[in-house]
Amino acid sequence: QSALTQPRSVSGSPGQSVTISCTGTVTEFGFYNRFTWYQQPPGTAPKLIIYEVTKRPSGVPDRYSGSKSGNTASLTISGLQAEDEADYYCCSSTGNFSWVFGGGTKLAVL
Amino acid sequence: QVQLVESGGGVVQPGGSLRLSCSASGLTVSNSGFHWVRQTPGKGLEWVAFVRNNGNNITYPDFLRGRFTISRDDSKNTVYLQMTNLRADDTAVYFCAKDWGWGFQYWGQGTLVTVSS
Numbered sequence: 001q002s003a004l005t006q007p008r009s010v011s012g013s014p015g016q017s018v019t020i021s022c023t024g025t026v027t028e029f030g031f032y033n034r035f036t037w038y039q040q041p042p043g044t045a046p047k048l049i050i051y052e053v054t055k056r057p058s059g060v061p062d063r064y065s066g067s068k069s070g071n072t073a074s075l076t077i078s079g080l081q082a083e084d085e086a087d088y089y090c091c092s093s094t095g096n097f098s099w100v101f102g103g104g105t106k107l108a109v110l
Numbered sequence: 001q002v003q004l005v006e007s008g009g010g011v012v013q014p015g016g017s018l019r020l021s022c023s024a025s026g027l028t029v030s031n032s033g034f035h036w037v038r039q040t041p042g043k044g045l046e047w048v049a050f051v052r053n054n055g056n057n058i059t060y061p062d063f064l065r066g067r068f069t070i071s072r073d074d075s076k077n078t079v080y081l082q083m084t085n086l087r088a089d090d091t092a093v094y095f096c097a098k099d100w101g102w103g104f105q106y107w108g109q110g111t112l113v114t115v116s117s
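Those sequence lines, one after another, are chains G and A.
Quick note on our numbering: the first sequence kicks off at 1 and runs consecutively.
Quick note on our numbering: the second sequence kicks off at 1 and runs consecutively.
Just so you know, the hints here were simulated from the structure itself, not pulled from any lab data.
Be aware that a few hints might be false.
What the hints assert, rightly or not - 25 Å max Cα-Cα, derived BS3-like pairs, lysine-lysine:
(1) K68(G) - K47(G)
(2) K68(G) - K55(G)
(3) K47(G) - K106(G)
(4) K106(G) - K43(A)
(5) K43(A) - K47(G)
(6) K55(G) - K106(G)
To be verified - Computed spacing ranges between beta-carbons, pair by pair:
(7) S13(G) - S30(A): 44 to 50 Å
(8) S13(G) - S7(A): 38 to 44 Å
(9) G15(A) - G95(G): 21 to 27 Å
(10) Q16(G) - Q1(A): 44 to 50 Å
(11) A82(G) - A88(A): 19 to 25 Å
(12) S78(G) - V11(A): 43 to 49 Å
(13) S17(G) - N54(A): 17 to 23 Å
Backbone N, C-alpha and C fix where the C-beta goes; we use that ideal spot for every residue, glycine too.
Same shape as in the complex, but just chain G (with noise of 0.2 Å):
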């Protein structure tokens, strides 16, 4: 059991945005910056896209966003394109070095 909350799901046609929530307790969001998203396509390793709750690594389109708002962290992917089919996964750094993840949403590019 995560206690980090995803939907397990999400899905948008090409060119529409979407976002995948992240909900959790004060305990994984009392860091206010140690807020990570991943992607995963299929059969691959997962891929930091967002670091610091709103920081995008070099090479990520800036169509992936980051936000935070009280106990919610959420991902929007803008002008969805068939190639960020994936599961996505939230992460927090909860202080003493320790790190929990999101259970995942898989998003659909219908």
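Fit chain A to the supplied structure of chain G, relying on the hints for placement.
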């Protein structure tokens, strides 16, 4: 170009032990923190170990209860995960990952561990 390559996975009986290796290229392991993360179909991603770049901060989730040990050999530029008293629910693909930005910057391709009699 950073590359992490895991090895050492396989089939092991319940109660057995296994040591996983993560060989790094394109970076120096002593300059970075490293993690092991596992993935099972039923539980998604699960963090299992961390070693800080200074080598002094090593942490694990409480549920492992001392069964796993992360270590590093700077001369081989390799990070290890020693797993003991393995159980069926340890069956997973195990990834090593470089620490950065309070998360996991680079990942290996993973190595499959199957605990079964």
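Is K106(G) close enough to K43(A), meaning Cα to Cα at most 25 Å? holds, 14 Å
Please check whether A82(G) and A88(A) have a Cβ separation lying inside 19 to 25 Å. Violated, since A82(G) and A88(A) (Cβ atoms, about 37 Å apart) do not stay within the stated range.
Looking only at beta-carbon atoms, does the pair S17(G), N54(A) fall within the given range of 17 to 23 Å? 42 Å Cβ-Cβ, so the 17 to 23 Å window is violated.
Supplied distance hint 44 to 50 Å, evaluated on CB atoms of S13(G) and S30(A): holds, 48 Å
For the hint 44 to 50 Å, verify it against the beta carbon of Q16(G) and that of Q1(A). Violated, at about 35 Å.
With respect to the beta-carbon atoms only, verify the hint that S13(G) and S7(A) lie 38 to 44 Å apart. holds, 42 Å
Is it true that the CA of K55(G) sits at most 25 Å from the CA of K106(G)? holds, 22 Å
Compare the distance between the alpha carbons of K68(G) and K47(G) with 25 Å, and conclude whether the hinted pair is satisfied. holds, 20 Å
Against the 25 Å threshold, does the CA-CA distance of K68(G) and K55(G) hold or violate the hint? holds, 12 Å
Agreement of K47(G) and K106(G) with the hint, judged by alpha carbon distance not exceeding 25 Å: Measuring from Cα to Cα gives roughly 15 Å; hence the hint holds.
Can you let me know if the beta-carbon spacing of G15(A) and G95(G) is within 21 to 27 Å? violated, 34 Å
What's the verdict on K43(A) and K47(G), does the C-alpha distance respect the 25 Å limit or exceed it? Given that 25 Å is the threshold and the Cα spacing comes to 18 Å, the pair holds.
Comparing the model with each numbered hint stated earlier shows that hints 9, 10, 11 and 13 do not hold.
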